[in-house]
Amino acid sequence: MADDKDVLRDVWFGRIPACFTLSPEETTEREAEPYYLLLPRVSYLTLVTDKVKKHFLRVMKAEDVEEMWLEYEGTPLKWHYPIGVLFDLHASNTALPWNVTVHFKNFPEDDLLHCASNSVIEAHFMSCIKEADALKHKGQVINDMQKKDHKQLWMGLQNDKFDQFWAMNRKLMEYPTEEGGFRYIPFRIYQTMSDRPFIQKLFRPVSPEGHTLTLGDLLKELFPAAICAEGGWHQR
Amino acid sequence: MAGERNPASCYLDERTFQLCCQLFLQHSETIQDGWSWEQIKGTDEGFMKKTVLMPVKPSVLHKQHEYSIQDENMVTDDIQANVEDETAGVQAVCEIHAVLRYEYHVLYSCSYQIPVLYFRASTLDGRPLSLEEVWSNVHPNYRQRLQQGPWDTLTQQEHPLLGQPFFMLHPCRTEEFMKPALDLAQAENKRMNYIVTWLSVVGPVLRLDVPLSYSTEVSAPD
Numbered sequence: 001m002a003d004d005k006d007v008l009r010d011v012w013f014g015r016i017p018a019c020f021t022l023s024p025e026e027t028t029e030r031e032a033e034p035y036y037l038l039l040p041r042v043s044y045l046t047l048v049t050d051k052v053k054k055h056f057l058r059v060m061k062a063e064d065v066e067e068m069w070l071e072y073e074g075t076p077l078k079w080h081y082p083i084g085v086l087f088d089l090h091a092s093n094t095a096l097p098w099n100v101t102v103h104f105k106n107f108p109e110d111d112l113l114h115c116a117s118n119s120v121i122e123a124h125f126m127s128c129i130k131e132a133d134a135l136k137h138k139g140q141v142i143n144d145m146q147k148k149d150h151k152q153l154w155m156g157l158q159n160d161k162f163d164q165f166w167a168m169n170r171k172l173m174e175y176p177t178e179e180g181g182f183r184y185i186p187f188r189i190y191q192t193m194s195d196r197p198f199i200q201k202l203f204r205p206v207s208p209e210g211h212t213l214t215l216g217d218l219l220k221e222l223f224p225a226a227i228c229a230e231g232g233w234h235q236r
Numbered sequence: 001m002a003g004e005r006n007p008a009s010c011y012l013d014e015r016t017f018q019l020c021c022q023l024f025l026q027h028s029e030t031i032q033d034g035w036s037w038e039q040i041k042g043t044d045e046g047f048m049k050k051t052v053l054m055p056v057k058p059s060v061l062h063k064q065h066e067y068s069i070q071d072e073n074m075v076t077d078d079i080q081a082n083v084e085d086e087t088a089g090v091q092a093v094c095e096i097h098a099v100l101r102y103e104y105h106v107l108y109s110c111s112y113q114i115p116v117l118y119f120r121a122s123t124l125d126g127r128p129l130s131l132e133e134v135w136s137n138v139h140p141n142y143r144q145r146l147q148q149g150p151w152d153t154l155t156q157q158e159h160p161l162l163g164q165p166f167f168m169l170h171p172c173r174t175e176e177f178m179k180p181a182l183d184l185a186q187a188e189n190k191r192m193n194y195i196v197t198w199l200s201v202v203g204p205v206l207r208l209d210v211p212l213s214y215s216t217e218v219s220a221p222d
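Protein chains in written order, with full-length UniProt numbering: chain Y, 1 to 236; chain R, 1 to 222.
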């Protein structure tokens, strides 16, 4: 893991430049300027767009304001997916900045989860961490950690503190050397072409014969459509 | 032969999950309990589902002003209304209920290797219920229990197969209540149907009734 520190930092500090524009459907007292923001790939929209909300609330009447939600080219953006996933899923082939539309009414109940407060985001994040550890270590590592350790993990994400986050996360990324890897690899393959939001199955990192398996092996087994016949890669 | 038995596993593999569901569904068919199997196209995965119309006290729903006796929607939503004639000078005794549509899904979680209960609720005119409204419809006996753990509770979640917002009962405590049932069955040399036992425990929390005949009539898979 020590050798991968550069990669870990690059992943953590990945950013997407975004331009937020208020939907023309919203009732405003005066024109609102678009708001520009660099979004952390590893974080969640509702966690990092407080400034966006404040900016647009300035031109709106309180009675016209309900829960804020975001949309890209007609598609409501699922705040509970990491920002990087949302961008790669919906806009990776388009020019930057990512143009996102802001709404304050007509919340799409059939598409989006509500996000009443940061504690909802925290609960969701911790739930994902717990599920991943269930796959990696039968949940033993996360359950052995104290409440304050869980809190530190969350605060590291919330406050964009790489060292604080990884001080805790490294425990979740360790495995006994004799095992050769985690029990199962926690992964999700997100797709836009079906109702099913993602593919998630059990996958062992080591074959029965003892070979370490790669991402390509995983895709070949669980999502062969992603790899076309010539051995190249399909987009999305 | 005397000897130490291994404790029964609280975990369920997907094949056993599907077999238990099949047996469950056969009985549901027999007693017309309304459960059906939804297969995911092109895969060997699926889930059980059931839709229920449920009368609840109007206080469960937040928009109190919509539920006056004169309200048209209210009249059409009524299941029981005992409004006595005012001109007869009798005190009107009204037991007017709102009707909600609850849709329950039983899915398999391969991460936790157990079944999980998802559901969504709406009024008859299609308005989805908020988490607060769903909470107030949880049986009072269970509310305190559910509030204890940060992850052992009711939350809104994306349905992993349909991609839409549902509510989910977190599965973290499943082992806790399944273990005694499984151990007992093993001690008595009985084989139980995991889904029947599990749903009989979690269902009532969300006002899902699982008739007693399931426990006597549904067998375990071979």
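By construction, these hints were calculated from the structure, which means they are not laboratory data. Predicted, not measured: the structure shown is a model, and the values here were computed from it. A hint or two may mislead.
What the hints assert, rightly or not - Derived pair list, reagent style BS3-like, types lysine-lysine, alpha-carbon separation capped at 30 Å:
id, chain 1, residue 1, chain 2, residue 2
1, Y, K220, R, K41
2, Y, K138, R, K190
3, Y, K5, Y, K151
4, Y, K54, Y, K5
5, Y, K138, R, K57
6, Y, K161, Y, K53
7, R, K179, Y, K147
8, Y, K5, Y, K105
9, Y, K61, Y, K51
10, Y, K130, Y, K105
11, Y, K201, R, K57
12, R, K49, Y, K201
13, Y, K138, Y, K220
14, R, K179, Y, K130
15, Y, K54, Y, K201
16, R, K49, R, K190
17, R, K190, Y, K105
18, Y, K201, R, K179
19, Y, K151, Y, K138
20, Y, K201, R, K41
21, R, K179, Y, K138
22, R, K49, Y, K130
To see whether the hints hold, each was checked on the structure:
no. : hint               : verdict
1   : Y/K220 with R/K41  : holds, 20 Å
2   : Y/K138 with R/K190 : holds, 28 Å
3   : Y/K5 with Y/K151   : holds, 23 Å
4   : Y/K54 with Y/K5    : violated, 36 Å
5   : Y/K138 with R/K57  : violated, 42 Å
6   : Y/K161 with Y/K53  : holds, 23 Å
7   : R/K179 with Y/K147 : holds, 26 Å
8   : Y/K5 with Y/K105   : violated, 43 Å
9   : Y/K61 with Y/K51   : holds, 17 Å
10  : Y/K130 with Y/K105 : violated, 33 Å
11  : Y/K201 with R/K57  : violated, 42 Å
12  : R/K49 with Y/K201  : holds, 22 Å
13  : Y/K138 with Y/K220 : holds, 26 Å
14  : R/K179 with Y/K130 : holds, 21 Å
15  : Y/K54 with Y/K201  : violated, 40 Å
16  : R/K49 with R/K190  : holds, 27 Å
17  : R/K190 with Y/K105 : violated, 56 Å
18  : Y/K201 with R/K179 : holds, 25 Å
19  : Y/K151 with Y/K138 : holds, 21 Å
20  : Y/K201 with R/K41  : holds, 16 Å
21  : R/K179 with Y/K138 : holds, 17 Å
22  : R/K49 with Y/K130  : holds, 27 Å
Of the numbered hints stated above, those contradicted by the structure are hints 4, 5, 8, 10, 11, 15 and 17, listed in ascending order.
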